[in-house]
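**Q** From first to last, the protein sequence lines stand for chains A and B. Under the working numbering, the first residue of the first sequence is numbered 1, with each subsequent residue one higher. Under the working numbering, the first residue of the second sequence is numbered 1, with each subsequent residue one higher.
The set of hints was computed from the structure by calculation and includes no laboratory data. It is possible that part of the hints are untrue.
[As the list claims (entries may be wrong)] Label pairs and their in silico Cβ distance ranges:
| hint | chain 1 | residue 1 | chain 2 | residue 2 | range |
| --- | --- | --- | --- | --- | --- |
| 1 | B | L96 | A | Q72 | 41 to 49 Å |
| 2 | B | E21 | A | A253 | 48 to 56 Å |
| 3 | A | R233 | B | D48 | 54 to 62 Å |
| 4 | B | P104 | A | R233 | 22 to 30 Å |
| 5 | A | G192 | B | R88 | 37 to 45 Å |
| 6 | A | P81 | B | Q14 | 54 to 62 Å |
| 7 | A | A281 | B | D98 | 18 to 26 Å |
| 8 | B | P104 | A | K57 | 46 to 54 Å |
| 9 | A | G241 | B | L96 | 27 to 35 Å |
Positions of the beta carbon are idealized from the N, C-alpha and C atoms, including for glycine.
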Amino acid sequence: MKYKDYYAILGLQKTASADEIKAAYRKLARKYHPDVSKEKDAEAKFKEVSEAYQTLKDSEKRAAYDQLGSYQPGQDFRPPPDWQEHFGDTHFSFDDLDLSDLFESLRGGRSRAGPGAQRHAMRGQDYEVTANITLDQAYRGAEVELDLSVPEYDEQGFAHRVARSFKARIPKGATDGQRLRIPGKGGKGFNGGREGDLYLNIVLEPHPLFRVSGHDLYIDLPLAPWEAVLGTRVELPTPGGPVQLKVPAGTHAGQHLRLGKRGLPTPRGGEGDLFAIVQIAVPTVVSEPERALYRELAEHSTFNPRAHFAQEMSHANRTQ
Amino acid sequence: MRIELSEVVWLDEQRELTLAELAELSGLSEAELHELEDCGAIAPIDPDAGTQTFSAHYLVLARTACRLRNDFELDTQGLAVALALLDRVRALEAELRDLRARRPDLG
Chain A
1 MKYKDYYAIL
11 GLQKTASADE
21 IKAAYRKLAR
31 KYHPDVSKEK
41 DAEAKFKEVS
51 EAYQTLKDSE
61 KRAAYDQLGS
71 YQPGQDFRPP
81 PDWQEHFGDT
91 HFSFDDLDLS
101 DLFESLRGGR
111 SRAGPGAQRH
121 AMRGQDYEVT
131 ANITLDQAYR
141 GAEVELDLSV
151 PEYDEQGFAH
161 RVARSFKARI
171 PKGATDGQRL
181 RIPGKGGKGF
191 NGGREGDLYL
201 NIVLEPHPLF
211 RVSGHDLYID
221 LPLAPWEAVL
231 GTRVELPTPG
241 GPVQLKVPAG
251 THAGQHLRLG
261 KRGLPTPRGG
271 EGDLFAIVQI
281 AVPTVVSEPE
291 RALYRELAEH
301 STFNPRAHFA
311 QEMSHANRTQ
Chain B
1 MRIELSEVVW
11 LDEQRELTLA
21 ELAELSGLSE
31 AELHELEDCG
41 AIAPIDPDAG
51 TQTFSAHYLV
61 LARTACRLRN
71 DFELDTQGLA
81 VALALLDRVR
91 ALEAELRDLR
101 ARRPDLG
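Throw the hints in and build the complete structure from the sequences for me.
**A** Here it is, written out as structure tokens:
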């Protein structure tokens with residue numbers, strides 16, 4: 001079993017009072033709570049902070065924790081020989097225990113199934129996991145495999161960390177931020193209580209070409225200046241395969257060309273749209289014949305892209 | 001070892017949950033859900049129906065409420081305010097995501 005310094009996690013001395021423990025927890029919970037925080041690794045940090053608080057806020061558990069002794073964080077250790085007689089309800093092996101499971105067991109052993117516990121039905125724990133999917137998986141649907149390390153309770157109600165694998169069918173139409181529920185795939189229920197559920201939080205991985213907003217997709221469409229002026233047909237990638245897109249003559253930069261129903265499928269059987277956003281790309285290297293043609297174009301063209309500047313400046317001059 | 005393939009349930013406006021189901025799945029009590037309803041955080045599909053049902057997307061909100069209640073020891077009024085603010089943050093994030101999709105130069 002690896003040691004965790006619960007006091008250091010909360011930024012406290014071992015002599016901290018109950019009020020100081022509560023205040024430290026509240027401060028860190030506001031910073032790292034996964035429902036409100038955008039900090040990197042917020043979920044893992046909050047779990048650590050919450051685990052430390054769950055133990056230190058309970059005077060019995062805190063005493064049991066203090067009696068474990070002091071070690072370096074991450075150091076392998078075993079509780080002192082008489083520790084279990086004082087604090088454990090029954091005999092269990094420390095070999096496959098995490099420190100959080102040990103203290104969860106102290107609580108779990110009493111409340112779930114241990115001596116003196118009321119044997120009322122208890123629903124199993126829900127698990128929540130992030131499932132990363134690619135844009136192609138969102139488009140076609142996918143089967144994803146999820147590996148979790150979860151606490152499972154034995155018949156005495158003591159927690160042991162076990163690896164569990166799940167395979168879930170993600171239906172097409174699931175997009176970023178979608179929550180899905182798999183009934184009965186959470187922790188085991190107690191005393192006739194039903195199993196918990198597994199919740200999936202879908203996260204769509206970034207795509208090199210497509211940007212996603214809901215079920216609509218956006219793609220940049222670079223055009224050469226002459227393609228924008230004269231119009232053209234281009235082959236455009238879409239999640240369902242390439243399509244021919246007609247670019248009308250006189251297309252300008254920033255224009256959105258809409259391809260209806262070429263976006264991501266929606267849960268109700270519809271489809272989002274795909275928008276191609278026009279960019280005018282200028283060659284960085286031009287040959288001498290090309291340069292000559294540009295010069296010729298410049299001489300013949302009456303097009304003034306800054307005509308509105310002139311209007312604004314003449315208005316400013318009149319009002320001075 | 002062969003892993004059984006599980007089918008998922010959408011949590012969206014098209015699925016309905018009874019008040020008892022919402023309570024059981026979220027971890028909140030029916031009384032707490034009624035208080036959230038009074039605060040306007042959740043709303044039944046048909047307020048006049050004999051048996052109230054709720055859109056399944058409220059399960060996400062109710063589970064968040066349960067976590068916030070447990071982790072911050074919030075009362076229902078505090079929960080309703082926190083949920084309303086989270087909802088605004090999510091709406092703004094969605095708007096920002098949409099803008100970034102349309103205008104990549106906004107980074």
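**Q** If a hint holds in the structure, say so; if it does not, say that too.
**A** Quick rundown of the hints versus the structure:
Distance hint for L96 of chain B and Q72 of chain A: a CB-CB separation of about 43 Å, consistent with the stated range 41 to 49 Å. A C-beta distance of roughly 52 Å is found between E21 of chain B and A253 of chain A, which places it inside the suggested range of 48 to 56 Å. Checked against the hint of 54 to 62 Å, the pair R233 of chain A and D48 of chain B passes, with Cβ atoms roughly 57 Å apart. The hinted range of 22 to 30 Å is satisfied by P104 of chain B and R233 of chain A, whose Cβ atoms lie roughly 24 Å apart.
For G192 of chain A and R88 of chain B, the hinted distance range of 37 to 45 Å is satisfied, since their beta carbons lie about 42 Å from each other. Between P81 of chain A and Q14 of chain B the C-beta distance comes to about 59 Å, which sits within the given range of 54 to 62 Å. At roughly 25 Å, the beta-carbon separation of A281 of chain A and D98 of chain B lies within the given 18 to 26 Å, and the hint holds. For the pair P104 of chain B and K57 of chain A, the supplied restraint of 46 to 54 Å holds, since their beta-carbon distance comes to about 47 Å.
A beta carbon spacing of about 31 Å between G241 of chain A and L96 of chain B agrees with the range 27 to 35 Å that was offered as a hint.
In this structure, every one of the numbered hints holds.
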